[in-house]
Amino acid sequence: MSYTIITDACSDLLPEMVKEMDVVVIPMEFEIGGKTYLHYPDWRSMQSKRFFDLMRQKNVAKTFQVTPETYLKTFEEEYAKSKEMLVVAFSSALSGTCNNAVLARNQFVETHPDAKIEVVDSLSACGGQGLLVAYVAHNRNVLNMSMEDNLKWLKENTLHLCHRFTVDDLGTLRRGGRLSATSAFLGAMIGIKPVLHVDNEGKLVPTDKVRGRMKSLRTLVDHMKETIINPEDQIIYIHHADDIEAANKVAEMIRSEVQVKEIKILPFGPIIGAHTGPGAIALFFMGTER
Numbered sequence: 707m708s709y710t711i712i713t714d715a716c717s718d719l720l721p722e723m724v725k726e727m728d729v730v731v732i733p734m735e736f737e738i739g740g741k742t743y744l745h746y747p748d749w750r751s752m753q754s755k756r757f758f759d760l761m762r763q764k765n766v767a768k769t770f771q772v773t774p775e776t777y778l779k780t781f782e783e784e785y786a787k788s789k790e791m792l793v794v795a796f797s798s799a800l801s802g803t804c805n806n807a808v809l810a811r812n813q814f815v816e817t818h819p820d821a822k823i824e825v826v827d828s829l830s831a832c833g834g835q836g837l838l839v840a841y842v843a844h845n846r847n848v849l850n851m852s853m854e855d856n857l858k859w860l861k862e863n864t865l866h867l868c869h870r871f872t873v874d875d876l877g878t879l880r881r882g883g884r885l886s887a888t889s890a891f892l893g894a895m896i897g898i899k900p901v902l903h904v905d906n907e908g909k910l911v912p913t914d915k916v917r918g919r920m921k922s923l924r925t926l927v928d929h930m931k932e933t934i935i936n937p938e939d940q941i942i943y944i945h946h947a948d949d950i951e952a953a954n955k956v957a958e959m960i961r962s963e964v965q966v967k968e969i970k971i972l973p974f975g976p977i978i979g980a981h982t983g984p985g986a987i988a989l990f991f992m993g994t995e996r
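Residue numbering for the sequence shown follows this note's numbering, beginning at 707 and increasing consecutively.
What the hints contain is simulated information worked out from the structure, not anything from laboratory work.
Check the hints yourself; a few may be wrong.
Straight line, CA to CA, 25 Å or less: simulated DSS-like cross-link-like pairs of lysine-lysine [stated by the list, open to error]:
1. 725 / 755
2. 822 / 858
3. 915 / 931
4. 725 / 764
5. 822 / 787
6. 755 / 741
7. 789 / 779
8. 787 / 858
9. 768 / 779
10. 921 / 931
11. 725 / 779
12. 967 / 955
13. 725 / 789
14. 909 / 858
15. 931 / 970
16. 822 / 764
17. 789 / 741
18. 789 / 858
19. 955 / 921
20. 768 / 909
21. 741 / 764
22. 858 / 915
23. 909 / 861
24. 822 / 768
25. 909 / 931
Simulated restraints on C-beta separations [to be verified]:
26. 939 / 787: 28 to 36 Å
27. 939 / 765: 24 to 32 Å
28. 915 / 967: 49 to 57 Å
Just so you know, even glycine gets a beta-carbon here, dropped at the ideal spot from N, CA and C.
Construct the complete structure from the given sequences, taking the supplied hints into account.
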């Protein structure tokens with residue numbers, strides 16, 4: 707392998723995907739119920755349903771960035787296999803993880819001058835970050851793309867990776883400071899469901915407020931239909947926070963209205979799930995713009 711691709715657990719890639727892509731995923735720390743865990747692609751510390759059940763019981767979840775020390779350890783381990791590494795990091799607008807990767811890179815190359823490590827701010831999260839990693843891995847594994855050309859590809863395509871979220875639990879947004887207590891209460895009373903996206907700065911921002919769960923799911927698909935490019939060539943990611951039924955409904959809408967290559971339905975990990983709460987649904991695809 708010419709170079710190593712490294713990402714973090716916010717990418718929400720499953721173990722079989724990690725193996726097929728041949729990428730390295732750094733685990734991330736989270737806290738819930740007063741206890742701290744490490745999140746790995748195989749959910750070895752806590753399964754998805756257990757995590758979201760604890761959130762439903764009003765346990766507050768917290769997440770932590772990957773430290774420079776963890777990156778340094780990873781670089782040291784991977785250096786023995788390849789001196790070239792491409793890091794696709796969690797959006798710098800949502801976490802200090804990317805900045806810590808840069809700090810670690812700068813420190814590592816001082817003592818390993820023959821190492822070449824490139825850190826890319828994905829400006830993405832969850833399945834958006836995971837889908838970006840999937841494209842980068844495909845570029846390397848199938849198209850034999852060099853690290854330099856993959857960096858160019860990322861520069862040209864990252865802002866075409868669209869994220870669309872809807873949140874079912876307004877209380878989680880309130881506790882996270884993204885919604886006032888009054889707005890959360892009134893929204894819950896009349897069934898308001900916010901729709902959000904990740905913008906060009908990598909921030910999670912609201913785009914719509916709709917009434918009712920089905921309308922919010924419909925809005926996700928409508929946004930996709932407006933901006934998706936070459937859908938017949940695309941693999942679409944749908945992520946759910948312990949609501950497989952809603953994820954399947956979104957998949958059914960897409961299959962009946964848009965011809966896409968493949969749809970993958972995947973679980974939200976705790977890193978983003980801690981901030982969206984149970985019931986969140988997200989849709990990730992390549993579009994004309996975010």
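Hint by hint, here is what the structure shows:
1. 725 / 755: Roughly 23 Å between the alpha carbons, so the hint for residue 725 and residue 755 holds.
2. 822 / 858: With a Cα-Cα distance of about 16 Å, the restraint between residue 822 and residue 858 holds, given a limit of 25 Å.
3. 915 / 931: This hinted pair holds, its Cα atoms lying about 19 Å apart.
4. 725 / 764: With Cα atoms ~35 Å apart, residue 725 and residue 764 exceed 25 Å; violated.
5. 822 / 787: With Cα atoms ~13 Å apart, residue 822 and residue 787 stay inside 25 Å; holds.
6. 755 / 741: Holds: residue 755 and residue 741 sit about 17 Å apart, inside 25 Å.
7. 789 / 779: Holds, at roughly 14 Å.
8. 787 / 858: Judged against 25 Å, a Cα distance of about 24 Å means the pair holds.
9. 768 / 779: holds (24 Å)
10. 921 / 931: Holds: residue 921 and residue 931 sit about 15 Å apart, inside 25 Å.
11. 725 / 779: holds (21 Å)
12. 967 / 955: holds (18 Å)
13. 725 / 789: Measuring from Cα to Cα gives roughly 20 Å; hence the hint holds.
14. 909 / 858: Status holds; Cα separation ~22 Å.
15. 931 / 970: Holds: residue 931 and residue 970 sit about 17 Å apart, inside 25 Å.
16. 822 / 764: Violated - the C-alpha atoms of residue 764 and residue 822 are around 45 Å apart, more than 25 Å.
17. 789 / 741: violated (37 Å)
18. 789 / 858: Holds - the C-alpha atoms of residue 858 and residue 789 are around 20 Å apart, at most 25 Å.
19. 955 / 921: holds (12 Å)
20. 768 / 909: With Cα atoms ~18 Å apart, residue 768 and residue 909 stay inside 25 Å; holds.
21. 741 / 764: Measuring from Cα to Cα gives roughly 14 Å; hence the hint holds.
22. 858 / 915: violated (36 Å)
23. 909 / 861: holds (18 Å)
24. 822 / 768: violated (33 Å)
25. 909 / 931: holds (22 Å)
26. 939 / 787: 28 to 36 Å: Holds: the Cβ-Cβ distance is about 32 Å, inside 28 to 36 Å.
27. 939 / 765: 24 to 32 Å: violated (42 Å)
28. 915 / 967: 49 to 57 Å: At roughly 32 Å between Cβ atoms, residue 967 and residue 915 fall outside 49 to 57 Å, so the hint is violated.
This entry does not satisfy hints 4, 16, 17, 22, 24, 27, 28, going by the numbered hints stated previously.
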